[in-house]
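**Student:** From first to last, the protein sequence lines are chains A and B.
Residue 1201 is where the first sequence starts when you use the numbering used here, and the numbers rise one by one after that.
Residue 417 is where the second sequence starts when you use the numbering used here, and the numbers rise one by one after that.
If you're looking for bench data, these hints aren't it; they were derived computationally from the structure.
These numbers come from a predicted model, not from an experiment.
Going by beta-carbon spacing under 7 Å, a handful of chain A positions derived as facing chain B: (1) 1383; (2) 1451; (3) 1487; (4) 1574; (5) 1575.
C-beta atoms are modelled at their ideal positions from N, C-alpha and C, and glycine is treated no differently.
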Amino acid sequence: MAFNCFVNKNELSNKLGELQNITNKRGTLAALNNVLLEVEDQGIVMTGTDLEVGLKLIVSGQVNETGTITIPSKKLFEIVRESAGESIHLEEKENHWITITAGKSTYNVAGIPSEEYPRFPDYDEDGFISFESHIFLDLVDKVIFSIAGEHENIYSLTSVLFEKEKKENGSYLRMISSDGHRLSIMEKDVATDVDGLNLSEVTLIPKKGVQELRKFCENRDTIELAFEDKQLVVRDGEAVMVIRLRQGQFPHYQSILDSIATDNKLSIPRIPFLESLKRTDIFTEDVFHTIQLSIEAGSMVITSQHADIGSAKDELSIEYEGESMQLMFNCRYFIDALQVMESEVVKAYIDTQNSPCLLQGDDDPGFTSVIMPMQL
Amino acid sequence: MSKIRILPEQLANQIAAGEVVERPASVVKELIENSLDAGARHITIEVSGSGTSLIRVVDDGEGMDADDLLLCLERHGTSKIQGTSSLAAINSLGFRGEALPSIASVAKLRITSRLADQPTGATVNCEYGVIKTAHECGAPVGTTMEVAALFGNTPARRKFLRSSRTEQAHIDETVKLYALAYPEVAFTLRVGDRVAVEMAHDMNRTERLKRIIRQVDTFIAVDNNRSDIAVTGLLAPPEHTLGGAGKLRLFVNGRAVRDRLLTHAVYEGMATFVQKNQSLAGMLEVTLPADQVDVNVHPAKLEVRFRDSRTVHQRVVYAVKEAMLGHQQHLRADLFSSHHSSPVPADTGFGYPAQVPEYTGSTEMTAETGPSYQGSRAGLAQRRFDHDPLTGQHPPLAHDTPAAPLTVADLLIIGCFKDLYIMCRAGDSLIIIDQHAAQERLIFEKLKAQFEAGRVVCQTLLFPIQIELTPLQSQLVEANMATLANLGFSVREFGDTTWILAGVPALAKTIEPQSLFFDVLQRFGSDTEHHGTHLLDDMLASMACKAAIKKGDHLSGDEISALLHQMAKADLFSHCPHGRPVVKRIEESDIKKWFSRS
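Work out the full structure: start from the sequences and follow the hints.
**Tutor:** Listed below in structure tokens is the structure:
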């Protein structure tokens, strides 16, 4: 059935924008570069998927005829973005041609029949729990930087571990990420009862899924969430996103936390520390980013050397009363963690030069960062 | 009644033949070995058909008397070992006394032989294990073996033979192998009326190998005999892609062998000079005291066991590396030194008055010494040049100002083609250098030197990894603890063969810790499935690749000259770390041919 409809340009442009990261994946399945358009009575349902994340959005419009087709996502986005006028007219012609009219411009786009498009995953309509979206924004932002890159070892460190916990004083959601050298944990207390969240023993959300989840939350105030066996479903009134979950094991991070002694504490002003690290980083070796921290009562000296360029040294007043220590770290790891923190003063717990360093802050409730040292 | 019976001797011999005499080439092998053990100086092999109708091996060795002729056909009749003690240190090629009775049991065999001090010789005829005649006869000094109707009584085995071309090729290869292993012995192989192999006394190994691998005219000579494990050989430069003739032939104490350990060691020694999927060609012989190697492990003695295989591996790797280093010197002398007739007065050595003073002193920055301060400065200067946005303001290109051509030692820079190939003249040849590959190797060696100099930072792991090692690997880890620590690994024992990997080199951020560890273990001689991977080298190579000038980066004359200077000073420069050649030489004579000039 050949469809024929009018939609609002800005709305279509915005929603196509949301799909761009998902649809334009290089691959062998040509259909995945397309967006599925299902023109129904109330408007167009647009679907994009890269088989890991699927997103379905509704664009309201005036529909004369219904029908379905898939067309190249990026081309459609560019057409709509560049077009003049308030309204876009889409009309299906013979042989899957689609004519798009916007103002005085007319485009003919070759579509692919929708039968070839991967089916959008089924999900259970019940069991959704509503959350304020900033909770997830915050969770993701505090851990996303330490997800492992494409290399994968025995653990599924390329994903974020998602956990819920009911404590005496309320319910908590938690995201944990690690690249094997550092660990980031973010915990948020939520007003909602989390009992209904059907998490499996190890719930792993892949990095791409976390990024898309964040984007989904950015554009919305509240979201509804449901975990199923192999997927996470997020939705609001006019959009549904299905993220496929990873199978695998995540290391027992709690035992690492338990093993860190917290009696040797440093209090470091966050912003000066961050700035100092950035300055010292200019003189670190490109791959290692190694800095030396020389810590004494009341002060910390940060130094770095580059074999070809030279060296840098920075000094910082800190609150510390313990014994002197010589430490080595990848300074990028500190920079990443300090950048997402908000406290004026960060508390660092370091025991010896071989043990992990734990970072927390009074104004960063629920956030913990663990960084492993380097050795020479 | 007892079910177990002792097999008749003829049957036992046939069974042994099944192992020893697999195909005509095996007969040739056994007979040649006998001749060599008899001290022959000239061995002639004649073959007709696929070797099944006739194989005749004529030698001028010490020969046998009439009694020995009969005894040698007895199973376990041998002159080569006397007792158990000699089995532990075998100096001859044969020793079991199995070959002749085995061959005799599956063919018609005639042996004619005469001792040097005897007026007449003797001959014995044997058909499928039964001695038919034995009598005196006239014969030249030495022994002549004639094997006819091979496998005549074992049709099943005969069916397994391939085409006569294939069988001839196997015989051909067998003779070539021994011709290489015994350069002092002359070999002639006649197949039908054709002389297939002719190796005279006065041909040394190099000449013989050239005869076998015709495409190569210079070989990399491996020669390390500074310990009781001597490694000698000739390897084709890795950029040569060769067909079947160009395989790697391995020898241990004069015996052609197939050995994965040795093959691996050769490749390891050549690592970063061989492209992926490229195979090496040439020959390599390991000579070691006879009690250090057990040759009695394979029926056809194609495999050997080393008493201390790790040491052998290390010696071979070292010898090949050393040879490659030597080869570079040779290439360097060829390219950069001043023995060509040159229109430009060449400076002595490489001390070309540098227009870029930073480069002096960068010679010290070699793999042995690690990075020196000067070396680092040179590296810095070099990088600054590569990315100089003001390239256009450098002095004009050499070819723009022919009046004052830039030279490096004897290399006259002509210019750069397509911003990738530096063209130079060296005497009567045209030298083409891939600028990217050239600098890639230089940077790679610098990175490697830094890495190996022990300035390696270890990144401790948040989740230490438990690894299971084989007992052998455990031993290796224990023995190389200090080296591993220097390389940036933090490993500790966790009982028996379980180890905890708690830290890895910070440099290797993107490599999975476990794979990296096994990769490095392999360098110490571990026999894991990770054989042949060089994760660290690969990573350094890709870093070097990123840092090096690219195709399309325009180099000014000074920059080209600086690059050539660095090449002239570097220990290794002939191939990029992925094994692609850096330098190509085209002789004037070749160019003349293109234009039909005489």
